[in-house]
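Trainee: One-letter residues, chain by chain:
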Amino acid sequence: MRAILALEDGSVYHGQAFGTRGSACGEVCFNTSMTGYQEILTDPSYKGQIVTMTYPLIGNCGVNAQDVESWRPHVSGFVIRELSPVVSNWRADFSLAEYLEKNGIPGIEGIDTRALTKKLRVRGAMNGFISAEDVSDEEASAKAKSWPGLMGVDYVKEVTHATAFQWDERDEQSANFKLVRGTAASDIRNIRDPLPAADIPIVAYDFGIKYNILRRLRQRGFKVRVVPATAPAAEALRSKPAGIFLSNGPGDPAALDYAIRTVGDLVKSGIPIFGICLGHQMLGLALGGKTFKLKFGHRGANQPVKDLETGKVEITSQNHGFAVDADSLPSEVGVNRINLNDQTVEGMRHKRKPIFCVQYHPEASPGPHDSTPLFDEFRAMIMG
Amino acid sequence: MPKRTDIHSVLIIGAGPIIIGQACEFDYSGTQACKALKEEGFRVILVNSNPATIMTDPEFADRTYLEPITPECVEKIIVREVEELKRIGAKGKLVLLPTLGGQTALNTAMALHRKGILDTYNVEMIGANAQAIERGEDRQIFKDLMLSIGLDVPVSGTAHTLEEARQVAEKIARFPLIIRPAFTLGGTGGGIAYNRDEFEEMIKRGLDLSPVSEVLIEESLLGWKEYEMEVMRDKADNCVIVCSIENFDPMGIHTGDSITVAPIQTLTDKEYQIMRDASFAVIRAVGVETGGSNIQFAVNPETGRMVIIEMNPRVSRSSALASKATGFPIAKIAAKLAVGFLLDEIKNDITRETPASFEPTIDYVVTKVPRFAFEKFPQADPTLNTQMKSVGEAMAIGRTFKESLQKALRSLEIGRYGLGGDGKPWRISDQVYGDRETLPREVITRKLSVPNAERIFFLRHALRAGFSIDEIFSLTKIDRWFLMQIKEIVDFEEELAAIKN
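Line by line, the protein sequences give chains A and B.
Residue numbers are given in this note's numbering: position 172 of the first sequence equals residue 172, and the series is strictly consecutive.
One gets this note's numbering by counting positions in the second sequence from 1 and adding 384 to each.
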């Protein structure tokens, strides 16, 4: 079955369809991670985007029920060079094609993803249209051109949970994934590290939160109440949390007036705050700074970040198309981490208030675990 | 942290003559190191007895000794060079960089350390010190260290009686078991027991043969998947993975004789990151302060259980492959890290703008295929096992595994254009078959079940003779993902042949 990918600049790529036989518009971006396509598909931050994997062989390990980052995949479309004809991993539950089909997401394989990536690197992220239906090149290009794009659109409201809830009250989903050890027989898929008591109540703002953030918070002894992005500060503070977490999420941070106001109120309250990705950008905006759109974004699992306080370099997992403008920040906010590739802001710390945030993903999933200690730092900040 | 100012001269030990198991890869790493250190203004002293190396060209070192690589000779060189430093009134000292000349250099450096020569002349080992090398090289010390940091290793135990042996077997709880009698010449009396009867028999014989009545019983990893990680570490404890490698051939075949593929193909991110964390834990525990190490893992394909096999606290054959596969010059950067630089202070050669403190990510597949020359060694046993028998290798890059494998096979200069379908005949023992002739099943079965140099081509013969993927898997334990890739090449051959007809 034929599939097509068209970009707003008029270029058209032909390949084979996999996943659902549908069509979708989205911003075409690329991710350079060589592992973790399942986590990428299910990361709500990709809402509104057609994701291209630069690594050519995808689907080798299939998809399993455990490695999800939310309740379903969120990408608009998935673009790869070659889909594995077989699934080879002891944990696989489905093939990638079955999984996308079940979730109504179109995929295209067999196109020159390197040429596409090079184009996106030069031109920047572009709007596009992916289809496994019978559409002509002209129709596809027209769809890509007429799609309004991500700027100024609130995608958070599409992925945030509608009502507040307590994360994993029965401790069934939060323990760290482990491999079986030694030769003793046991249920190999369910080996988990024990969890500490959940004794620090916090509120996590869900702008499209990844499960692994919630797992990591729970693993550090936090009792996490997840609230929708639209919850006002007063509502979040009513339960007397010890701290506030601001999550990752999709799209343009500047489009989220209501959330920026909320974050501003939270900052004023003096409560300890930790933000990741979109949460970091919203802190930047709420504290008086500005954000801007990066040319082609940072999406991958090998971004070097230097901690300016310690001099150490962390290899980080990233997924963002916007960044905080360092020059726009007020003097009470310090930039404490930078990206060594392009010197953009990767972390901020408030000089007087218990607030810090990072642009990248310390929860990894996918990606390196170098930054996991940030969750301990949040705990230490709250405990004083 | 800038470069060290207390160093004047760096002594590099080369790898000596080219032998099976240690070839030009160490000329490559040593040459890179010489260049990098000269670039930083150090005086470079080189010992290597092999004149057919780039590194012994006059411009690569400030002084080159074409002398035997023995502790005695290197001691004389150290004496001479220490005096030289005194004579010229050098401000810094002489240091020894032992990690770039393969096992020969490492062993020579360790001999110099054990004889007290390095202490006597105050020559510091940079890159990895003697304690780290010992922890990495001594199997028992390494195994205990791995257990102490919570990593998994093959389960094993020693026994002095049949009863003790049975208890060890019970602990391991799975056949086959590897039995090694202690202190027998060339390991006589050892073997693999596939069932209880064989086990009891071998234990009795092993206990008899061992002068101390002791046998080591170890869990067998035959058929497990084999992986490698190339790790770099700097003085500030920044660690990066340069390259991950998956072996096409399962455990039981020396990595040098295996077809290897970068990056890893059949691990999910969760499993890969556990392997990455483990790699850093190993390099830190062993104490390789700066530079590269190669760490080998085995993974049980049914349970995902991951055990550490070994680590090389030095630049290895895989480092050369990893450097070329990713564009990250491991030897050059290892040399710079050894003299005090940090990863983020060194520029990445490819981008020239970003620092070396990153992890290469690639959008292609790299395949290395070993080159054998059994025709030149008619008395050698062509069965592949844990002793390396290949005389060289070829590497190829492709956008798919299929492309890189076909290119690598074509690069071997054995007259083939890939897996087959090139119109050339197959010579098997004294039989000659046409290129597209179907080979007898029993010949194929024999060639698949015992690892050998031609097994990759017999995967094609097997598929063309109608063997199923599962049949081939049970004979070879080669991961089904790889087998399916081979099948796609074979299917395409059939498609092309059909068009021609």
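Among these hints, one or two may not hold up.
[To be verified] 30 Å max Cα-Cα, derived BS3-like pairs, lysine-lysine: (1) K708/B to K312/A; (2) K477/B to K118/A; (3) K102/A to K477/B; (4) K731/B to K118/A; (5) K178/A to K527/B; (6) K119/A to K786/B; (7) K861/B to K312/A; (8) K555/B to K178/A; (9) K731/B to K295/A; (10) K861/B to K178/A; (11) K387/B to K312/A; (12) K119/A to K708/B; (13) K312/A to K477/B; (14) K312/A to K422/B; (15) K145/A to K178/A; (16) K419/B to K477/B; (17) K119/A to K791/B; (18) K240/A to K143/A; (19) K470/B to K460/B; (20) K223/A to K118/A; (21) K731/B to K312/A; (22) K119/A to K871/B; (23) K223/A to K351/A; (24) K731/B to K293/A; (25) K118/A to K708/B; (26) K118/A to K527/B; (27) K353/A to K290/A.
Hints in this document: simulated from the structure, not taken from any laboratory.
Trainee: So, for every hint listed, does it hold in this structure?
Mentor: Here is what the structure says about each hint:
1. Of the pairs offered as hints, the one joining K708/B and K312/A holds, with about 27 Å between alpha carbons and a cut-off of 30 Å not exceeded.
2. As the CA atoms of K477/B and K118/A are separated by approximately 49 Å, the hinted pair breaks the 30 Å bound.
3. Between K102/A and K477/B the CA atoms are separated by roughly 67 Å; this puts the pair beyond 30 Å, and the hint is violated.
4. A threshold of 30 Å between alpha carbons decides the hint, and for K731/B with K118/A the separation of about 23 Å falls inside it, so the pair holds.
5. With a C-alpha separation of about 21 Å, the suggested pairing of K178/A with K527/B holds against the 30 Å cut-off.
6. For the proposed pair K119/A and K786/B, the alpha carbon gap of about 26 Å is at most 30 Å, so the pair holds.
7. With a CA separation close to 42 Å, the supplied pair K861/B and K312/A exceeds the 30 Å bound.
8. For the hint linking K555/B to K178/A, the alpha-carbon distance of about 22 Å falls within 30 Å, and the restraint holds.
9. This hinted pair checks out: K731/B and K295/A have alpha carbons roughly 23 Å apart, not beyond 30 Å.
10. A C-alpha spacing of about 25 Å is found between K861/B and K178/A, which places the hinted pair at or below 30 Å, so the restraint holds.
11. This hinted pair checks out: K387/B and K312/A have alpha carbons roughly 17 Å apart, not beyond 30 Å.
12. Taking the CA atoms of K119/A and K708/B, the gap is near 26 Å; set against the 30 Å cutoff, the hint holds.
13. Note on K312/A and K477/B: the hinted pairing holds, with a Cα-Cα distance of about 29 Å set against a maximum of 30 Å.
14. Our distance criterion of 30 Å between C-alpha atoms is met by K312/A and K422/B, whose separation comes to about 27 Å.
15. Proximity of K145/A to K178/A is assessed by CA-CA distance (about 46 Å); at most 30 Å being required, the pair is judged violated.
16. Pair hint K419/B plus K477/B holds up; C-alpha atoms about 19 Å apart against a cutoff of 30 Å.
17. Between the alpha carbons of K119/A and K791/B the distance comes to roughly 27 Å, so the proposed pair stays at or under 30 Å and holds.
18. Restraint check for K240/A and K143/A: not satisfied, since their Cα atoms lie roughly 49 Å apart, outside the 30 Å limit.
19. Restraint check for K470/B and K460/B: satisfied, since their Cα atoms lie roughly 16 Å apart, inside the 30 Å limit.
20. Under the criterion of a C-alpha separation no larger than 30 Å, the hint pairing K223/A with K118/A is inconsistent with the structure, at around 44 Å.
21. Restraint check: the Cα-Cα separation between K731/B and K312/A comes to about 16 Å, which is no more than 30 Å; the hinted pair holds.
22. For the given pair, K119/A sits about 33 Å from K871/B by alpha-carbon distance, which is inconsistent with the 30 Å threshold.
23. Annotation: proposed proximity of K223/A to K351/A holds, straight-line Cα distance about 27 Å (limit 30 Å).
24. With a CA separation close to 27 Å, the supplied pair K731/B and K293/A stays within the 30 Å bound.
25. For the suggested pair K118/A and K708/B, the alpha carbons sit about 22 Å apart, so the restraint of at most 30 Å is met.
26. Of the pairs offered as hints, the one joining K118/A and K527/B is violated, with about 46 Å between alpha carbons and a cut-off of 30 Å exceeded.
27. Proximity of K353/A to K290/A is assessed by CA-CA distance (about 20 Å); at most 30 Å being required, the pair is judged to hold.
Violated hints, listed in ascending order, are 2, 3, 7, 15, 18, 20, 22, 26; each of the other numbered hints is respected by the structure.
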